[in-house]
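> The chain contents come next:
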Amino acid sequence: MSTRATTRSILRVVEHHAFVYRRTWRGTIFSTFLNPVLYLAALGVGLGAFVDQSNPAGIAGVPYATFLAPGILAATAMNNATGESTYPVMAGIRWLKTYVAMVFSPLDPRHVATGQLLWTGARVTVGALVFLAVMVVFGATDVPHALLMLPVAVLTGLAFAAPIQAFSAAQTNDAPFATLFRFVIMPMFIFSGTFFPISQLPDLLQVVAFATPLWHGVNLARGLALGTLDPAMALIDAAYLSVFVVVGLWWSFRTFSARLAE
Amino acid sequence: MSSPAPTPLIHARGLTKRFGTFTAVDAVDFDVQPGEAFGFLGPNGAGKTSTMRMIGCVSPVTEGTLQVLGRDVATEGSEIRRRLGVVPQADTLDMELTVRENLVIYGRYFDLSYPECRRRTDELLDFVQLTEKADSQVEPLSGGMKRRLTIARSLINEPEMVLLDEPTTGLDPQARHMVWERLYKLKSEGVTLILTTHYMDEAEQLCDRLVVMDHAQIVAEGSPRSLIEEHSSREVLELRFESLRTPDLEGQGRGLIERAEQLPDRVLLYTRDGEALSEALHADGLRPVSQLVRRSSLEDVFLHLTGRRLIE
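Top to bottom, those sequences are chains A and B.
Heads up: the first sequence runs through residues 67 to 328, numbered per my numbering.
Heads up: the second sequence runs through residues 1226 to 1537, numbered per my numbering.
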């Protein structure tokens, strides 16, 4: 297949997702848009008042809400990406079998996997844009910085989406998703620097937190928001996240093919 | 010497599919000619669906040759699928979309423009008699309507050949006849139909030619008529007796019994002339509770070839 035909086929898959989303978007408003804002309001403003009182110098030199917001941005990208890469993939392959129907047409499992990933990227982008707008309104950042943080949020989301969609395609039922949320996503959300610097953690856990993709996403977003970015470290962060995207997509080629064309 | 035939739409030689150590399809040979309605008849697990999936280029061939529409499935799967219609065994409809939207978005996979998708959708909904359901959700449709919608969807790219895997399994008799009638219509328009079924009546109704599959292999091939002539008698006398034990029929029937099959609830006597055999047995003092004379069917062919029934 030519590159052009491949691109067109991948876009057909994205088109399908967008077509369906016209019908289902209402159900995603809360998780995609409201949840992160609630976190920012409750923790940034509510809890933040206490934190700032006992820490007049601020965390990393800024008020808590300002520190927190880029963390929530990255964590939201993770959550939206994970949501879009678990149950919908199981539905496409096993429940509704809409992906099974796709591979009867000229589309093949790689197009389905790549299109799925791009669609998740689009969902993460919209979620991040809304949250960044809220950050600007809250005064947690300004528009130029917000625009710089957007690709970071998208890259963070894709770093989760790619391996998780590969994992989801390999499952025979949805029970492992609860385990994934409980033992992987939730601990990362809490301990990977979203709410406090990982330097607060015991040494061993710091190493673990450093190994999570979320920390690298948070570090990039926060570095951009606060203007504290270390270029060398930023390069490592971006490269680390990119490895998750590339390896995850390769893995999903394998699992999507095994499920859809065996 | 065979007379020059048109290039077959499907050409399979030594076609084999293995999953690990399990052999689902074991070195089968067959050809399908343009315009034919060709069937795979066999019980569940005979290898019919695996064969269909290889023809549909969604399952790689383990061994052997398979050409579909004159192309090699291994290297030109996408181009072949562009010209095929597929009706899978399980519904794969988009429950979140309406009936109409299901067809429109499927047309997009074949790179049709939206106006073209909509035009064909209207035509196809009319063809499968679902026009009044066009804006309905898919979920509340009956099984027969969903199957007709799936058939309509498989036609959105105006395929030269349609693959139907168990097209009427799970449908009530009325819905089955409606599906059959649409398939006749397609056939009369020159579309090649390939179908799998474990219903012998479906195979008899729809297929010009069929292969009987059992344990991953093809055990017989021919038209329904020729298979019956070759592998069964003209008529069958079915007898039920009061006790489940069948009386010894040895030496009875005055040579009219060609073959007998004992089933759990009845005995089948294969014969040229059912009425004559019935009279002969009566004259010999045999008193069944009930009896029935019928023509031989593909079910009898299958029973004879494999010693088992199609639907256990």
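FYI, nobody ran anything at the bench for these hints, they're computed from the structure.
Among the clues, some could well be false.
[As the list claims (entries may be wrong)] For lysine-lysine, the following DSBU-like pairs were computed, each having C-alpha atoms within a straight-line distance of at most 30 angstroms:
| no. | chain 1 | residue 1 | chain 2 | residue 2 |
| --- | --- | --- | --- | --- |
| 1 | B | K1410 | A | K163 |
| 2 | B | K1371 | A | K163 |
| 3 | B | K1412 | A | K163 |
| 4 | B | K1358 | A | K163 |
> Does each hint hold? Answer for all of them.
Hint by hint, here is what the structure shows:
1. B/K1410 <-> A/K163: holds, 28 angstroms
2. B/K1371 <-> A/K163: holds, 14 angstroms
3. B/K1412 <-> A/K163: holds, 28 angstroms
4. B/K1358 <-> A/K163: Between B/K1358 and A/K163 the Cα gap is close to 22 angstroms, so the pair holds against 30 angstroms.
In terms of the numbered hints stated before, the structure departs from none.
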